[in-house]
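Novice: Here's the letter readout for the chains.
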Amino acid sequence: MKNYTLIITEKPDAAQRIALALNTQGKIERREEGGVPYYIATRDRDIVVAPSLGHLYTIAEERRGRDYYPVFNFRWVPRHSTERNAKRIRDWIATISKLAKNAETYIDACDYDIEGSVIGYCILKYACGNKERKSKRMKYSTLTKEELEKSYVEPLPHLNFALIEAGKARHEVDWLYGVNLSRALTISAKNWSGGYTTLTTGRVQGPSLKFIVNREKAIRSFVPTPFWEIRAKIKIGRYTFEAEYEKARIETEAEAHAIQRSCQGVDAKVEKIEVKRYQVDPPVPYDLGSLQREAYIFFRYAPRRTLNIAQRLYLEALISYPRTSSQRLPHEIDYRSILKNLSRNHKYREFTQSILSSPVVRPREGRESDPAHPAIYPTGKMAERDLDFMEARILDLVTRRFISTFGEPAVKESMKISINVNGHNFYMHGKRNLEDGWQRFYEPYAKSQEVIIPEISEKQSAIVRKIIVEGKFTRPPARYNPGSLLRKMEQAGIGTKATRANIIQALYDRKYIQDERMIAADLGFQVLETLEKHCPRVVSVEFTSELEEKMNMIQARKERKETVLLDAVETLKSATEKLKEKDKTIGERLSSPILKAKLERRIVGSCPTCSSGKLIILHSKKTRKRFLGCTNYFKAKCTTSFPLPQKGSVRSLNRSCRICGWPKIQIRVKRRRFWTLCFNPDCPSKVRRRRLEMPSM
Amino acid sequence: MKCPLCDRIVDKKDYCTLHSQAYRNLVKKFESWRKARKISWQEYLNEIAENQFTGEWAKEMAEHLMRLGEKESVAES
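Residue numbers (the numbering used here), protein chains in the order written: chain Z, 3 to 699; chain Y, 56 to 132.
Watch out, some of these pointers could steer you wrong.
Cut-off 25 Å, straight-line C-alpha distance, at most; resulting in silico cross-link-like pairs (DSS-like, lysine-lysine) [said to hold, decoys possible]:
(1) Z:K584 <-> Y:K57
(2) Z:K278 <-> Z:K249
(3) Z:K584 <-> Z:K624
(4) Y:K68 <-> Z:K535
(5) Y:K83 <-> Z:K249
(6) Z:K490 <-> Z:K584
Just so you know, these hints were derived from the structure itself, not from any lab.
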């Protein structure tokens, strides 16, 4: 086969879908070479659709080895030449190079964003032999047949080089920061703590850790102050209500009791009733950040999980491209046809039909826009397979949000009743829903509780039944969770929509933080303290967001990549020099939290026998076999031990068995499914299973 | 020199930076407590040490100061 069009996609699923959409004659042909699939479609000419596997090229230092820093010389290389687990990439590059030789025209059909642009560019430049200037660009936001055909027939004449330049700058700057600072920490720790532990930090990871550590410091050094709240039980007509005192907080006990004495047992009067009607506008469509936040609020899905699910739904052509910061739905996406398609699902029929029956179908849009993609919306297509429950939940959330944006505003009424008690004002608040509007479409995600107050008139007299004085304390600030940290990163302008979720995960993986309500671990404290002390600029939020701004300017052709890289090198030069100077101090200070983190990794939970000890993974001196033993064994207090599977890695799940309450662990064996087990030999779940497995007598 | 409350290095004064911050918070909030409850420094420390919302380091510092107070009163007597 010769003189065909070679289309490069980002993932194999997208390649198949594009081939199916563009093919007009017969069936598409799937071929494979060296385990790499590609598809042949026929249209006006032969089309070969070859997938990438995400990034095939990455940045590596020119000199080999990982035990030195600073590193400022780098180049783009195939991933397999530098990453241990990327052997498949060699076959992938070889296949694409071979297909490129006989191609006549080239089209980059990777996702139209920074990462997709860099992936496509590197393949066209390095694997296809400098075809990046000859290539055209397909731009689409959904993998539906109509949109793919349109983007093939009307491609952009060339690649978006500004976007590519910005993407390359981001990779290169992140690499420079990540490699140099991480190596400085890892090498110091290795030299002075006696063992190897990978410690990482980076341009965005450092400031993100700073948010959590600063919050942790505020919580741990928090001193509460007392205050008092006053409420009154007041009888008006036949009903008794609870009203709040005009001042939400009384600062002294004496004042609180003086108010109580003054109001107790006296007559009262309804002084004023204020009724207000107000509208609650429909929500704006989802961008990635708001989808991740709501998925966390409603389903407790971590941002990275939500992104992975949304990516799968996109590859199935069920929703539009999820890595977007847009809150806008341009007219070209044909709302009516999407709503009509959604009507095929009985869950949404009532709502979509009521929207379609109105003369104007227009969504409410937000302020944020993204030149590459619109907000996230459902395509209205039916799923070709059974979705798992997590995918179904995210699809339902996106669909209901999309439908809600077309709804009428909800109308509500609030009521504020002011009651005079011996010169003191108490207030009662009521709330009624007059028209549900869009909230009807967004159920069960939109909740609005009503507080109905029966009819009361101004000047009506009332009787004070009781004055309640309640002593309270101020509370520490709440810990970050994955959703709120994501929002904080967005507000501070650090990271991108595509990278934030991975950075949060990296903080967990490195044991800098733990638990869903993020608690900074000792290692996190020490890493941040080191960076703040010796190179405060690299963990400064302002500096990171400034750099972020500069990279956006490269995309807008207002800044040059070389200038940004030189700035980064200058900053890093002085930072790494200081880190090197204090190598010994840093290493010694890091050693204790590293040891603690290593020990904590081995702790599985509390000992179910003695309760005071911890169960820890140990190795027998005699047999070298691993088992679980109680830490109180070393104090000769508890001899509890349990056998463990000898293959795979053991991980504590930090949760208890639902049936017996013992800690649970997970065994991970390479290329096998994770195995979660409760190690209590007498757990009722096991007794039940044993009974089921017993042969019938 | 190590902080008397943890293993961290003492930075400038008697405690590490983290416990120093807790100490500053304790001193700062005493005025509000004194006005609100009319209590003495020792009573205040006792309340803080037992309060569920007190942060870990502030609690450690309150307990430490209580111990110091006891020692001083023993020395005086």
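Novice: Does the structure keep K584 of chain Z and K624 of chain Z at a Cα separation of 25 Å or less?
Specialist: Violated: K584 of chain Z and K624 of chain Z sit about 42 Å apart, past 25 Å.
Novice: Hinted pair, alpha-carbon criterion (25 Å max): K278 of chain Z, K249 of chain Z. Please report holds or violated.
Specialist: 22 Å, holds
Novice: Between the alpha carbons of K490 of chain Z and K584 of chain Z, is the straight-line distance 25 Å or under?
Specialist: Violated. K490 of chain Z to K584 of chain Z sits at ~32 Å, over the 25 Å cutoff.
Novice: Between K584 of chain Z and K57 of chain Y, is the straight-line Cα distance small enough, at 25 Å or below?
Specialist: Cα-Cα ~19 Å, so holds.
Novice: Would the hint linking K68 of chain Y and K535 of chain Z be met if the CA-CA limit is 25 Å?
Specialist: The hint holds at about 18 Å.
Novice: Is K83 of chain Y within 25 Å of K249 of chain Z, Cα to Cα?
Specialist: With a Cα-Cα distance of about 24 Å, the restraint between K83 of chain Y and K249 of chain Z holds, given a limit of 25 Å.
In terms of the numbered hints stated before, the structure departs from hints 3 and 6, listed from lowest to highest.
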